[in-house]
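Protein chains in written order, with the numbering used here: chain Y, 1 to 127; chain S, 1 to 133; chain X, 1 to 309.
Because the hints were derived from the structure by calculation, they are not lab data.
Keep in mind it's a predicted model, so treat the numbers as computed, not measured.
Some hints could be false.
Unchecked claim - Computed from the model, here is a short list of chain X residues facing chain Y with C-beta under 7 Å: (1) LEU172; (2) GLU176; (3) ALA226.
Virtual Cβ for every residue (Gly too), placed ideally from N, Cα, C.
The residues making up each chain are set out below.
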Amino acid sequence: MKVLIIDDERDFIETMEKRFRFRKIPVTAALSGAAALEILSREEFDVAILDVRMPGMDGLDTLKEIKKRYPLMEVIMLTGHGSIESGTRGMSLGAYDYVLKPVDFSELLDKVEKAGERKRLNAARRT
Amino acid sequence: MSERIRILIVDDEERFRSTLIKLLSSRGMQAAAAGSGEEALELLEGQAFDVILLDVKMPGMGGVKALPRIKELRPEAEVLVLTGHASVDIASEMIRNGAADYLLKPCPLDELLDGVRAAFDRSRTRKLASGLA
Amino acid sequence: MMRGINRHGADAAGLGLHTVLVPILAACGALTAAFSPPATAALLVLLLLGLCGWSSRRLAGLVRQSESERRLLDEQLLQSQKLAAVGELSSGIAHEINNPLAIVSQEAELVRTLLENRGGLSPELAESLHEIAVQVDRGRDITRRLLDFSRKMKPVAQFEALDKIIEDMVVLVEKEAGLKEARVARRYDRNLPLVLIDVPLLRQAVINLLTNALDAIPHGGTITVATGSAGPGKVCISVADNGPGVAAEDLPRIFNPFFTTKPPGKGTGLGLSICHNIVERMGGKILVKSEPGQGAVFTVVLPVKGESA
Numbered sequence: 001m002k003v004l005i006i007d008d009e010r011d012f013i014e015t016m017e018k019r020f021r022f023r024k025i026p027v028t029a030a031l032s033g034a035a036a037l038e039i040l041s042r043e044e045f046d047v048a049i050l051d052v053r054m055p056g057m058d059g060l061d062t063l064k065e066i067k068k069r070y071p072l073m074e075v076i077m078l079t080g081h082g083s084i085e086s087g088t089r090g091m092s093l094g095a096y097d098y099v100l101k102p103v104d105f106s107e108l109l110d111k112v113e114k115a116g117e118r119k120r121l122n123a124a125r126r127t
Numbered sequence: 001m002s003e004r005i006r007i008l009i010v011d012d013e014e015r016f017r018s019t020l021i022k023l024l025s026s027r028g029m030q031a032a033a034a035g036s037g038e039e040a041l042e043l044l045e046g047q048a049f050d051v052i053l054l055d056v057k058m059p060g061m062g063g064v065k066a067l068p069r070i071k072e073l074r075p076e077a078e079v080l081v082l083t084g085h086a087s088v089d090i091a092s093e094m095i096r097n098g099a100a101d102y103l104l105k106p107c108p109l110d111e112l113l114d115g116v117r118a119a120f121d122r123s124r125t126r127k128l129a130s131g132l133a
Numbered sequence: 001m002m003r004g005i006n007r008h009g010a011d012a013a014g015l016g017l018h019t020v021l022v023p024i025l026a027a028c029g030a031l032t033a034a035f036s037p038p039a040t041a042a043l044l045v046l047l048l049l050g051l052c053g054w055s056s057r058r059l060a061g062l063v064r065q066s067e068s069e070r071r072l073l074d075e076q077l078l079q080s081q082k083l084a085a086v087g088e089l090s091s092g093i094a095h096e097i098n099n100p101l102a103i104v105s106q107e108a109e110l111v112r113t114l115l116e117n118r119g120g121l122s123p124e125l126a127e128s129l130h131e132i133a134v135q136v137d138r139g140r141d142i143t144r145r146l147l148d149f150s151r152k153m154k155p156v157a158q159f160e161a162l163d164k165i166i167e168d169m170v171v172l173v174e175k176e177a178g179l180k181e182a183r184v185a186r187r188y189d190r191n192l193p194l195v196l197i198d199v200p201l202l203r204q205a206v207i208n209l210l211t212n213a214l215d216a217i218p219h220g221g222t223i224t225v226a227t228g229s230a231g232p233g234k235v236c237i238s239v240a241d242n243g244p245g246v247a248a249e250d251l252p253r254i255f256n257p258f259f260t261t262k263p264p265g266k267g268t269g270l271g272l273s274i275c276h277n278i279v280e281r282m283g284g285k286i287l288v289k290s291e292p293g294q295g296a297v298f299t300v301v302l303p304v305k306g307e308s309a
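Model the full assembly from the supplied sequences, consistent with the hints where possible.
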């Protein structure tokens, strides 16, 4: 399963990368929505972990673009702020889950695995 | 950026077409319109465009059927789907069939212009790249 | 119909009482009376009449009860179908409204351009044109929520713990609840089986219910979220609030798209109808119980094994 992390905070990304690698899960990082879309145009991913608040292209816009172009990919939204409004919008735009930071890593891992499972089930249905 | 963007609007609503032509022209673009998929294809046989705005729900051919034919005729043109019709399935199908983006009406003019300019830049970059190949 | 009778205190044994035991007793009584002296016979016959009368009245009552239950189920089915139809109608309308909205927005832009070419806009004109754009945006938000970009995908079933799905959304809501000094109480049944459902879809339903409850409660209010069993193969989720409650005449319309008791501009009235839609698609049922002054309880009943209910 391939995971893409999209967040403008380098520290957070580095921590996440280390922990995913330790669990032997291939993970790629993108520091912005635009960078993420660029990577996605070249490589396929199963699950994205996406921060809601980013400068430039914000999380919800990135989510919209991802769902438009890669509808099978599952996206887990992360936020340090937790606004219900963006939570509701995120879910209705197709996010798999909406999680408040700081996240317990094993919980996040569990959600990523569930999201990956959903992607596989969906993809299998279409063939 | 002194080059004029050639843009074709394909939409079955007359008023939408005529006002959009005026707005795009006032921003320095060279705009034309077609009222259906069939009309668009006829026009594209004789004329090239940089950006094509394509509606989905139109009588006759419709946007979904027109798209592959448009890409065949004018592969260098960037197609932006601009429609009041929202559905994941149609959006991803259009993008798979060559649309560069899928925009929902009503789309604020600024957003539309940004999308058009970005599409134009991409088509220019591709043209230059293929020119050098 | 049998199930209806069964559920209200007359199970197979109870029915057996009326359809087997009573006739047998009556027959025995009649036989005994035939071989008894007239006085005893008369007494026996009176007793038997009483017994049969009582039995018939009970049976009639049970039949009436099951009839009214069946009517209620029929009404609920009709209501669901109506809501589904309204939902479909609403998305159909939403598609159609987007085009006129786009034209309105463009015309306003054209007016602005023409006025600018003519030497500029007065602040009042600029403000008015801006307001047009704002209202078009508002219309757009509503149609987008209605069309709900991702909702068209078919549900995908996965196993997950019910309370986990709910807790994820509660945590989100709790932050905002804190601003109102409101609290969210949990009553999760830890003995529930894993449910096989479309997880993100259920999350959407839950977050809509929670948002609705949060809007309803006063400052310092409480939302209570509970999970439990709803009979064999079924689980239920309930979200209760201590807000003002819902008036009786509003109850039947509460899941209608656009129905809202909030002032115009505040909320679209779509949350509960989206909820209803989602729950139906998962093969479940959503019910509301409320009285003015007594808050409201929304209960979602779901099959443990996906859309087979």
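Does ALA226/X meet its interface restraint, that is, does its C-beta lie within less than 7 Å of any C-beta in chain Y? violated (20 Å)
Is the interface hint for LEU172/X satisfied, with its Cβ closer than 7 Å to some Cβ of chain Y? LEU172/X check passes; min Cβ-Cβ to chain Y is 5 Å, inside 7 Å.
Under 7 Å is the threshold here; is the Cβ of GLU176/X close enough to any Cβ of chain Y for the hint to stand? With Cβ-Cβ at 5 Å, under 7 Å, it holds.
Violated hints amount to a single one, hint 3; each of the other numbered hints is respected by the structure.
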